[in-house]
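Student: Chains as they are written, first to last, in this note's numbering: chain A, 42 to 361; chain B, 3 to 306.
Wrong hints could be hidden among the right ones.
To be verified - A partial selection of chain A residues facing chain B, derived with a Cβ cut-off under 10 Å:
no.	residue
1	59
2	182
3	300
As the list claims (entries may be wrong) - Pulled a few chain B residues facing chain A out of the computed Cβ check, cut under 8 Å:
no.	residue
4	140
5	142
6	147
7	153
8	157
9	272
10	283
Stated by the list, open to error - Simulated restraints on C-beta separations:
no.	chain 1	residue 1	chain 2	residue 2	range
11	B	222	A	216	40 to 48 Å
12	B	142	A	344	21 to 29 Å
13	B	267	A	305	22 to 30 Å
14	B	226	A	51	51 to 59 Å
15	B	52	A	51	50 to 58 Å
16	A	73	B	93	44 to 52 Å
17	B	81	A	117	58 to 66 Å
18	B	54	A	153	43 to 51 Å
19	B	198	A	153	45 to 53 Å
Honestly, the hints are just simulated from the structure, not real lab data. No residue lacks a Cβ here, since even glycine has one placed at the ideal position from N, Cα and C.
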Amino acid sequence: MLKTILKRILQSIPTLFIVITITFVLTRMIPGNPALTMLGPQAPKESVEQLEQELGLDKSKGEQYIMYLKQILSGDFGRSYSYNQSVVELIMERVPNTLVITLTSLFIALILGMIVGIVSAVRQYSILDYIFMVLALIGVSMPIFWMGLMLVLLFSVNLGWLPAMGMGDPANGMWDVLSHMILPCFCLATIPMATFARITRSSMLEVVNSDSVKALRARGLKEGVVIWKHALKNALPPIVTVLGLQLATAFTGAILTESIFSWPGMGTMIVSAIDNRDYALIQGVVLFTAIVFVAINLIVDVVYTIINPKVNYESGNGGR
Amino acid sequence: MAKQNKMPNKELMGADAHSQLVKRERRANNVWNKLRRNKTAMIGLVIIAFMILIAVFAPLIATHDPNAIKPSETYLGIGEKGHIFGTDEFGRDLFSRVVYGARISLIAAIGGTIVGGILGILLGLIAGYAGGAADAVIMRLMDGMLAFPFVLLAIILMTILGSGLQNVILAIGIGNVPTFARVVRGQVHIVKNEEYCNAGRVIGISNLRMLFCHILPNTISPIIVYATLNVAGAIISEATLSFLGLGISQPTASWGNILRAGRDCLNTAPHIATISGIFILVTVLGFNLLGDGVRDVLDPKMKR
Numbered sequence: 042m043l044k045t046i047l048k049r050i051l052q053s054i055p056t057l058f059i060v061i062t063i064t065f066v067l068t069r070m071i072p073g074n075p076a077l078t079m080l081g082p083q084a085p086k087e088s089v090e091q092l093e094q095e096l097g098l099d100k101s102k103g104e105q106y107i108m109y110l111k112q113i114l115s116g117d118f119g120r121s122y123s124y125n126q127s128v129v130e131l132i133m134e135r136v137p138n139t140l141v142i143t144l145t146s147l148f149i150a151l152i153l154g155m156i157v158g159i160v161s162a163v164r165q166y167s168i169l170d171y172i173f174m175v176l177a178l179i180g181v182s183m184p185i186f187w188m189g190l191m192l193v194l195l196f197s198v199n200l201g202w203l204p205a206m207g208m209g210d211p212a213n214g215m216w217d218v219l220s221h222m223i224l225p226c227f228c229l230a231t232i233p234m235a236t237f238a239r240i241t242r243s244s245m246l247e248v249v250n251s252d253s254v255k256a257l258r259a260r261g262l263k264e265g266v267v268i269w270k271h272a273l274k275n276a277l278p279p280i281v282t283v284l285g286l287q288l289a290t291a292f293t294g295a296i297l298t299e300s301i302f303s304w305p306g307m308g309t310m311i312v313s314a315i316d317n318r319d320y321a322l323i324q325g326v327v328l329f330t331a332i333v334f335v336a337i338n339l340i341v342d343v344v345y346t347i348i349n350p351k352v353n354y355e356s357g358n359g360g361r
Numbered sequence: 003m004a005k006q007n008k009m010p011n012k013e014l015m016g017a018d019a020h021s022q023l024v025k026r027e028r029r030a031n032n033v034w035n036k037l038r039r040n041k042t043a044m045i046g047l048v049i050i051a052f053m054i055l056i057a058v059f060a061p062l063i064a065t066h067d068p069n070a071i072k073p074s075e076t077y078l079g080i081g082e083k084g085h086i087f088g089t090d091e092f093g094r095d096l097f098s099r100v101v102y103g104a105r106i107s108l109i110a111a112i113g114g115t116i117v118g119g120i121l122g123i124l125l126g127l128i129a130g131y132a133g134g135a136a137d138a139v140i141m142r143l144m145d146g147m148l149a150f151p152f153v154l155l156a157i158i159l160m161t162i163l164g165s166g167l168q169n170v171i172l173a174i175g176i177g178n179v180p181t182f183a184r185v186v187r188g189q190v191h192i193v194k195n196e197e198y199c200n201a202g203r204v205i206g207i208s209n210l211r212m213l214f215c216h217i218l219p220n221t222i223s224p225i226i227v228y229a230t231l232n233v234a235g236a237i238i239s240e241a242t243l244s245f246l247g248l249g250i251s252q253p254t255a256s257w258g259n260i261l262r263a264g265r266d267c268l269n270t271a272p273h274i275a276t277i278s279g280i281f282i283l284v285t286v287l288g289f290n291l292l293g294d295g296v297r298d299v300l301d302p303k304m305k306r
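Modelling step: build the complete structure from the supplied sequences, incorporating the hints.
Tutor: What follows is the structure, encoded as structure tokens:
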């Protein structure tokens, strides 16, 4: 097992390298001169040339690439001109805010989604099952930003119960913080919740009808113990895979959710970076997110190997 | 057995050809019949057919010119002054814009899926069939692309390409290439060692013929399932890009940019965001329902 995990870690190195290369190629393809954008269209030619030299833009693409690699490996993601701050600092400032809503909403989604999925599986083809699954299908089909707008419309504009934007300040008390989190978290939790419900249901259905579960029932165990202790444990592997995928997706979903609720996280930052054509920041955020993606996939695969030792990545087709 | 009676006479066409015909007909019947019996798939199909009809006959259905500006009639509510869905911030008829928007949104989503599908299928076929270095290079590149969250990749591509329908199709397409390639490669791995492929190799058919006449047709079921579900995602992708102001730009109507405009006047005219969002939701739901149904029919092992 250790060998499998080590091999999986080594496999992600070329992926990371490719991710860095793609980011470099793509950001170099963005039209416009970054130096000119930084200084504004009225800037004198000499200062533009000087800045180009400082940024290394006058060198060949190959040299720029080597320089870029060296920078990234030493943890330097460049400097954002619109915030006039280092990109790493900016990311580190914003990541906790994004993590707060991403993790909270995923936690809610996981718990509620699994409960719904288990109830649906245990009462397959009941009215409750149909209602849950129709709701889950609608949840999966919902554009997250529309969901956000509708939540704002209902709870902020019409009912006036919850604030529509911004982040609460702990100085104003616990309720201020919580009330600002409810709508973004609920919005962000919808799609993962629906996905968890669907995957839990299908995974549980397989397990509930298996011989091992029938044997447990035959031994006279209580139905509750059979379902919640034994069956659920066996139904977990696909749920873990989806959890990893959803963690990654939620991070992206956060981009849209944050921009709707003006939540000061990575999402609002990248949207404003695009508006300002702040290439260093776009590049940094994209690269950071991609690295997080690769890391999450790695962790999921490792956890998966631990809970399900049958998986063998060496054969090249295991686990996915 | 009753079916066989309808077949042409066995003696007339030879036993082999006859049994082949029986098999073919049974299979065709099965897939379509099963799909027809599948309620979810049928609901999905009806929704999709409805939306496609709206898109095709937009000029006949629209009650107004979708781009005609009328400053005296801004933010009208639903049903006011002959505007079925009311009007937007420029006094343009929302119903007509939503109807024309169906065209752009469906073209972008289906076009993006086709572009991603063709490129992904080709790469997947090559990677799966050739194996070795080609496989390693292609799949590592695909892994690298998959590491980018789709929205971010599409955002960067749109920043490079600039807004517009063709570029939205291209961005959605490129973003979808890696998953298509993965699905196809996995299938090719299963199919290429089947008896009939070995037999083909024995009689010496060319690689191209093997790929396109024997392997591709046998990997098509999962591709169809994936493509159908993918259109659903692509509709949301178009809406996302337009919503962020990177996709289809005004005055051309797409569901995404109507929603973007609706966001800015959520207090004064909530119907704009609500209606355009409902159209997106229902269409995505349609493709998801059809995709689930097709999967149940074509790939019973995956049945949920």
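Student: A separate judgement is required for each hint: does it hold in the structure or not?
Tutor: Against the structure, the hints:
| no. | hint | in the structure |
| --- | --- | --- |
| 1 | 59 | 3 Å, holds |
| 2 | 182 | 4 Å, holds |
| 3 | 300 | 7 Å, holds |
| 4 | 140 | 11 Å, violated |
| 5 | 142 | 5 Å, holds |
| 6 | 147 | 7 Å, holds |
| 7 | 153 | 5 Å, holds |
| 8 | 157 | 6 Å, holds |
| 9 | 272 | 5 Å, holds |
| 10 | 283 | 6 Å, holds |
| 11 | 222(B) / 216(A): 40 to 48 Å | 56 Å, violated |
| 12 | 142(B) / 344(A): 21 to 29 Å | 23 Å, holds |
| 13 | 267(B) / 305(A): 22 to 30 Å | 24 Å, holds |
| 14 | 226(B) / 51(A): 51 to 59 Å | 36 Å, violated |
| 15 | 52(B) / 51(A): 50 to 58 Å | 51 Å, holds |
| 16 | 73(A) / 93(B): 44 to 52 Å | 35 Å, violated |
| 17 | 81(B) / 117(A): 58 to 66 Å | 59 Å, holds |
| 18 | 54(B) / 153(A): 43 to 51 Å | 35 Å, violated |
| 19 | 198(B) / 153(A): 45 to 53 Å | 48 Å, holds |
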